[in-house]
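K.L.:
Sequence:
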Amino acid sequence: MPYMKYPELEFDVIVGSYGDAFDRYAIRLAEIRESMRIVRQILDRMPGGNYRIQDKKVTPPPRARIDESMEALIHHFKIFTEGFKVPEGEVYVAIESPRGEIGCYIASDGSPTPYRMHVRAPSFVNIQTLPHMMRGGLVADAVAVISSVDPVLGEVDR
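For the sequence shown, the UniProt record's numbering begins at 1 and goes up steadily by one.
Hints listed in this document are in silico derivations from the structure and should not be mistaken for laboratory results. One or more of the hints may lead you astray.
[As the list claims (entries may be wrong)] In silico DMTMM-like cross-links for lysine to aspartate or glutamate, where the CA-CA straight-line distance does not exceed 25 Å:
hint	residue 1	residue 2
1	Lys85	Asp109
2	Lys5	Glu88
3	Lys5	Asp44
4	Lys57	Glu101
5	Lys57	Glu88
6	Lys57	Glu82
7	Lys85	Asp55
8	Lys5	Glu34
9	Lys78	Glu88
[Unchecked claim] Derived DEER-like restraints, expressed as beta-carbon distance ranges:
hint	residue 1	residue 2	range
10	Glu68	Val152	21 to 29 Å
11	Glu68	Met46	24 to 32 Å
12	Thr129	Ile14	17 to 25 Å
13	Val86	Asp44	32 to 40 Å
14	Gly154	Phe77	19 to 27 Å
15	Gly19	Asp55	19 to 27 Å
16	Glu31	Lys85	36 to 44 Å
17	Asn50	Lys85	51 to 59 Å
18	Thr59	Glu31	13 to 21 Å
Glycine included, each C-beta is placed from N, C-alpha and C at the ideal position.
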């Protein structure tokens, strides 16, 4: 489901026809080209000016001000050592990443440090599809099949 600015952009959803390792490779190349098309559209529409949020409670001062102002230096120090308070509650947000959906769950007790945080990485889900993809194939094809999923093994190790 498109989110944020996607409904305002022109892009094609890349899909394959065969579901094999070569198809996944071809899809990845086509997705790179489509991503470049999306980035060009965003850059053309991006407004100029200051990009920082103006809430000084959560934004450190610009680097140049730290050398000029003791107040800015103290504010910079406090943001990075103490953090900032967030409301109590929990949230889960998922976005599309090159390897699939990546989600982040954060639970807050109202302090500057999260009470609980969990990242749902796509490689953990993708690696579980390998037995299905390799069923009936040759042992020699295993490297190509695993590579076509492009797993990050650090995401898989729990």
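K.L.:
Each hint: holds or not?
P.N.:
Taking the hints in turn, this is what the structure says about them:
1. Proximity of lysine 85 to aspartate 109 is assessed by CA-CA distance (about 10 Å); at most 25 Å being required, the pair is judged to hold.
2. Distance hint between lysine 5 and glutamate 88 is unfulfilled; the C-alpha atoms sit about 28 Å from each other, more than 25 Å.
3. Distance restraint check for lysine 5 and aspartate 44: the Cα-Cα separation of roughly 13 Å lies within the 25 Å cut-off, and the hinted pair is therefore satisfied.
4. Under the criterion of a C-alpha separation no larger than 25 Å, the hint pairing lysine 57 with glutamate 101 is inconsistent with the structure, at around 31 Å.
5. For the hint pairing lysine 57 with glutamate 88, the CA-to-CA distance comes to about 17 Å; that is within 25 Å, so the pair holds.
6. With a C-alpha separation of about 11 Å, the suggested pair lysine 57 and glutamate 82 falls inside the 25 Å cut-off, and the hint holds.
7. For the given pair, lysine 85 sits about 13 Å from aspartate 55 by alpha-carbon distance, which is consistent with the 25 Å threshold.
8. For the suggested pair lysine 5 and glutamate 34, the alpha carbons sit about 15 Å apart, so the restraint of at most 25 Å is met.
9. Under the criterion of a C-alpha separation no larger than 25 Å, the hint pairing lysine 78 with glutamate 88 is consistent with the structure, at around 21 Å.
10. Separated by about 42 Å at the C-beta atoms, glutamate 68 and valine 152 break the suggested range of 21 to 29 Å.
11. Our hint of 24 to 32 Å for glutamate 68 and methionine 46 holds, since their Cβ atoms are close to 29 Å apart.
12. For the hinted restraint 17 to 25 Å between threonine 129 and isoleucine 14, the CB-CB distance of approximately 18 Å keeps it satisfied.
13. Judged by the Cβ atoms, the range 32 to 40 Å given for valine 86 and aspartate 44 holds: they are separated by roughly 34 Å.
14. Evaluation of the 19 to 27 Å hint for glycine 154 and phenylalanine 77 yields a failure: the beta carbon distance comes to about 32 Å.
15. Taken as a hint, the range 19 to 27 Å is violated for the pair glycine 19 and aspartate 55, whose Cβ atoms sit roughly 47 Å apart.
16. Take glutamate 31 and lysine 85: their Cβ atoms lie about 39 Å apart, and the range 36 to 44 Å holds.
17. At about 24 Å, the beta-carbon gap between asparagine 50 and lysine 85 misses the expected band of 51 to 59 Å.
18. Range check, threonine 59 to glutamate 31: Cβ separation about 33 Å, and the 13 to 21 Å hint is violated.
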